[in-house]
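Letter by letter, the chains look like this.
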Amino acid sequence: MHLQEFWFIAVAALFLGFFVLEGFDFGVGMLMEWVGRRSADAAGGTVDSHRRAVLNSIGPVWDGNEVWLITAAGAMFAAFPNWYATVFSGLYLPLLVILLSMIARVVAIEWRGKIDDPRWRTWCDIGIAAGSWLPALLWGVVFAALVRGLPVGPDKNVVGLTVADVLNPYTLLGGAATCSLFLFHGAVFLALKTGGTVRADAVKFAKVLSIPAIVVVGGFGLWTQRDYGKPWTAAVLAVAVLALLVAAVAVARDREGWAFLSTTVVVASLVILIFGSLYPNLVPSTIDPAYSITVANGSSTPYTLKVMSWAAGIVSPVVLAYQAWTYWIFRKRIFAESIPPSIGLSPRRVS
Amino acid sequence: MDVVDVSRWQFGITTVYHFIFVPLTIGLAPMVAVMQTLWVVTGNPHWYRMTRFFGKIFLINFAIGVATGIVQEFQFGMNWSEYSRFVGDVFGAPLAMEGLVAFFLESTFIGLWIFGWKRIPKLAHLASIWLVALGVNFSAFFIIAANSFMQHPVGARFNPVTGRAELESFVALFSNNTAVAAFWHAVAASFLTAGTFVAAVSAWWMVRSKGLPDARAMFRPATILGSWFALVAAVAIFITGDVQGKLMFHQQPMKMAAAESLCHTELNPKFSILTVGTHNNCDGITRVIEVPYVLPFLAEGRFSDVTLEGVEDLQESYQEKFGPGWYVPNLFVTYWSFRAMIGFMAIPMLFALTALWLTRRGRVPDRKWLSRFAVWTIPTPFLASAAGWVFTEMGRQPWIVAPNPDGDQLIRLTVREGVTPHGAEVVWVSLIGFTLAYAALAVVWSYLLRRYVVNGPQDHDSEPVTPTPPDDADVAPLSFAY
Numbered sequence: 001m002h003l004q005e006f007w008f009i010a011v012a013a014l015f016l017g018f019f020v021l022e023g024f025d026f027g028v029g030m031l032m033e034w035v036g037r038r039s040a041d042a043a044g045g046t047v048d049s050h051r052r053a054v055l056n057s058i059g060p061v062w063d064g065n066e067v068w069l070i071t072a073a074g075a076m077f078a079a080f081p082n083w084y085a086t087v088f089s090g091l092y093l094p095l096l097v098i099l100l101s102m103i104a105r106v107v108a109i110e111w112r113g114k115i116d117d118p119r120w121r122t123w124c125d126i127g128i129a130a131g132s133w134l135p136a137l138l139w140g141v142v143f144a145a146l147v148r149g150l151p152v153g154p155d156k157n158v159v160g161l162t163v164a165d166v167l168n169p170y171t172l173l174g175g176a177a178t179c180s181l182f183l184f185h186g187a188v189f190l191a192l193k194t195g196g197t198v199r200a201d202a203v204k205f206a207k208v209l210s211i212p213a214i215v216v217v218g219g220f221g222l223w224t225q226r227d228y229g230k231p232w233t234a235a236v237l238a239v240a241v242l243a244l245l246v247a248a249v250a251v252a253r254d255r256e257g258w259a260f261l262s263t264t265v266v267v268a269s270l271v272i273l274i275f276g277s278l279y280p281n282l283v284p285s286t287i288d289p290a291y292s293i294t295v296a297n298g299s300s301t302p303y304t305l306k307v308m309s310w311a312a313g314i315v316s317p318v319v320l321a322y323q324a325w326t327y328w329i330f331r332k333r334i335f336a337e338s339i340p341p342s343i344g345l346s347p348r349r350v351s
Numbered sequence: 001m002d003v004v005d006v007s008r009w010q011f012g013i014t015t016v017y018h019f020i021f022v023p024l025t026i027g028l029a030p031m032v033a034v035m036q037t038l039w040v041v042t043g044n045p046h047w048y049r050m051t052r053f054f055g056k057i058f059l060i061n062f063a064i065g066v067a068t069g070i071v072q073e074f075q076f077g078m079n080w081s082e083y084s085r086f087v088g089d090v091f092g093a094p095l096a097m098e099g100l101v102a103f104f105l106e107s108t109f110i111g112l113w114i115f116g117w118k119r120i121p122k123l124a125h126l127a128s129i130w131l132v133a134l135g136v137n138f139s140a141f142f143i144i145a146a147n148s149f150m151q152h153p154v155g156a157r158f159n160p161v162t163g164r165a166e167l168e169s170f171v172a173l174f175s176n177n178t179a180v181a182a183f184w185h186a187v188a189a190s191f192l193t194a195g196t197f198v199a200a201v202s203a204w205w206m207v208r209s210k211g212l213p214d215a216r217a218m219f220r221p222a223t224i225l226g227s228w229f230a231l232v233a234a235v236a237i238f239i240t241g242d243v244q245g246k247l248m249f250h251q252q253p254m255k256m257a258a259a260e261s262l263c264h265t266e267l268n269p270k271f272s273i274l275t276v277g278t279h280n281n282c283d284g285i286t287r288v289i290e291v292p293y294v295l296p297f298l299a300e301g302r303f304s305d306v307t308l309e310g311v312e313d314l315q316e317s318y319q320e321k322f323g324p325g326w327y328v329p330n331l332f333v334t335y336w337s338f339r340a341m342i343g344f345m346a347i348p349m350l351f352a353l354t355a356l357w358l359t360r361r362g363r364v365p366d367r368k369w370l371s372r373f374a375v376w377t378i379p380t381p382f383l384a385s386a387a388g389w390v391f392t393e394m395g396r397q398p399w400i401v402a403p404n405p406d407g408d409q410l411i412r413l414t415v416r417e418g419v420t421p422h423g424a425e426v427v428w429v430s431l432i433g434f435t436l437a438y439a440a441l442a443v444v445w446s447y448l449l450r451r452y453v454v455n456g457p458q459d460h461d462s463e464p465v466t467p468t469p470p471d472d473a474d475v476a477p478l479s480f481a482y
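Sequence lines, in order, name chains D and L. Residues in the first sequence are numbered consecutively from 1, following this note's numbering. Residues in the second sequence are numbered consecutively from 1, following this note's numbering.
Simulated from the structure, these hints should not be mistaken for laboratory data. You can trust all of the hints, since none of them are fake.
Only pairs whose alpha carbons sit at most 27 Å apart, straight line, appear in this in silico DSS-like list of lysine-lysine:
hint, chain 1, residue 1, chain 2, residue 2
1, L, Lys246, L, Lys270
2, D, Lys332, L, Lys122
3, D, Lys332, L, Lys118
4, D, Lys332, D, Lys207
Could you put the whole structure together from the sequences, leaning on the hints where they help?
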């Protein structure tokens with residue numbers, strides 16, 4: 001195998017890690033409002049302690065999960081500068097919205113508990129919701145647009161991009177697919193990580209959300225396979241659909257561990273389907289296939305790829321080990337009842 | 001403004017903004033780690049309270065640094081795609097390694113530190129804040145190694161077939177003398193920022209707690225700790241700055257000539273303290289106050305027999321080398337940002353010396369002017385850092401990759417050549433979007449910081465926690481949890 005193929009797989013693996021891990025973070029962020037409210041109604045507790053139970057389920061890990069994206073972008077830059085440059089400049093406006101919403105999410109999560117005030121929390125909850133819904137939707141749009149191809153010109157830049165290149169039935173279905181999948185994945189994660197009424201409510205949500213996930217992800221997968229897939233990606237699609245069904249059955253039978261394993265397989269399969277359909281292109285050109293950016297013409301030199309391979313080979317096992325260890329440390333379920341009172345400061349000084 | 005100007009404004013605004021939070025994070029992480037270590041080693045609960053107090057402020061600041069950092073990772077591709085294609089083979093590697101080595105480390109262990117107070121053993125918890133401190137400093141190294149390739153490209157050669165710079169030696173890239181000097185300079189500046197912050201906030205509280213036991217037992221030691229950090233950092237800034245200056249006189253003579261408004265090549269030129277100009281060019285400049293001997297020493301370590309090239313002579317020789325063009329950076333900005341950097345860093349140094357003098361031999365100062373001095377000192381190291389970056393980046397103009405006089409002359413790119421050929425209106429949208437969002441966040445950040453500083457250490461942080469094994473039935477109340 002060439003180093004170029006290896007790095008194509010490595011970038012795919014980084015995005016796979018990002019979507020598996022941050023996928024449930026987005027899902028939890030999207031569900032926070034609903035699950036918090038309904039679970040509090042059922043238990044008779046305060047809505048806020050239930051929302052906080054939801055948020056704390058991803059508390060210790062979401063920041064580390066987000067780094068998968070940063071590293072994926074960095075790896076694209078290092079291994080395939082032309083891929084990085086064309087995609088990031090070509091899909092400028094969707095990426096801008098993703099950036100602004102993810103900024104809102106980071107500060108909203110971190111600052112939410114710092115001030116003990118209902119209006120403050122409402123603003124933060126809006127930030128968390130926007131910062132979860134928009135990226136969950138737009139990442140699907142971005143990757144579907146990439147698989148479909150962009151108007152890449154002879155100088156490798158995107159020229160004359162129209163709205164229809166980014167927003168069309170296929171890419172919108174892609175957005176709906178990641179959005180519905182992350183909702184399902186997040187609900188299952190929440191069912192696995194919480195207890196009491198929060199868990200019960202998350203299970204209910206997961207049961208309902210399994211249906212749109214099967215329909216939309218299945219539909220997007222079939223469309224991708226029909227128009228852009230390779231023979232071997234059909235097997236990946238089959239695994240995705242099978243895992244979706246297993247997840248739905250597992251949720252129905254209250255087997256959250258199996259359900260989470262299955263939704264993880266679904267997210268992973270979807271990413272493999274997307275990258276598998278893309279290969280050997282990195283950005284297919286809709287103007288002329290000769291202008292397409294490919295693994296061969298988009299990559300860095302063998303020397304750079306070799307240096308990067310050594311760095312990744314040495315560091316990645318350590319990173320994986322300590323990330324896994326944090327998940328192990330915080331493996332306990334979280335109950336809304338054991339969320340302590342807010343220790344945030346009052347908005348103004350009380351003398 | 002054309003797309004180059006709008007893109008430059010956007011990069012300038014987002015980067016200077018990001019670097020408000022970064023130096024405080026880089027410096028405060030090790031300081032909080034030192035405080036926690038002092039608590040673990042001595043068992044003194046005052047250090048526990050200081051760890052919690054500054055720890056919360058650290059986290060408020062860390063969040064916004066992370067949030068604005070994602071933009072940096074995307075922006076090279078979004079707005080500087082031609083630059084990314086030209087240098088990607090070299091420049092991408094340190095960025096990817098920064099993610100892999102530094103960002104994973106800091107963001108995973110920050111989670112452990114925030115949520116682990118009652119979950120993991122005391123020493124493991126202490127280790128996690130030290131790993132965060134290590135992570136943030138690693139990240140400084142990688143990003144400055146990348147930036148130094150723009151200042152002084154080494155370890156690469158130009159490939160005429162692909163039309164780009166290609167990496168020849170990663171050892172040369174990471175041991176770039178500019179990178180080593182700039183890394184220590186930036187880290188020292190970050191320690192100055194955080195040391196000043198800790199010293200000033202503690203001194204303010206020391207004055208405020210006049211007559212209370214906390215003033216002597218807690219805020220005085222914290223003031224002294226912060227002041228020593230700031231003072232040692234200030235000395236390191238002078239040394240590393242001097243090394244960097246000497247490199248820069250050789251590597252980017254135009255930047256240094258512009259910094260001095262030195263228009264014509266001179267033997268033993270004088271260091272300018274004040275220059276007034278009317279048209280921001282060589283014709284309209286009047287040098288008002290000058291000091292002899294300083295400039296030759298800054299450039300070559302000698303007091304005489306030093307000839308420095310002037311802006312106009314350099315412009316001529318660059319035109320001969322690189323073709324027709326304007327190779328002079330903005331004189332006003334370069335000259336004044338250089339002086340602002342030095343001027344602003346003198347203030348925290350003076351404050352640290354004052355604080356150490358007033359607290360000598362057991363004294364607990366309680367004079368009001370000290371707390372006022374403290375408050376006014378806090379922003380100055382931030383301003384010095386911002387001025388330093390503005391100087392080094394604006395002074396490099398018109399280059400985005402400045403040619404290395406001893407290296408491959410074909411590795412050079414102007415800012416104009418590096419920009420993404422967007423329509424200007426597209427970049428206007430993002431410039432306005434970022435500016436509005438960042439302005440709103442700055443208001444919230446400064447409100448939170450002020451609120452937490454003025455509130456002081458909280459009562460629920462007065463008792464150190466003991467870790468319990470995770471199998472314990474109850475879920476631990478976590479004072480840092482969301």
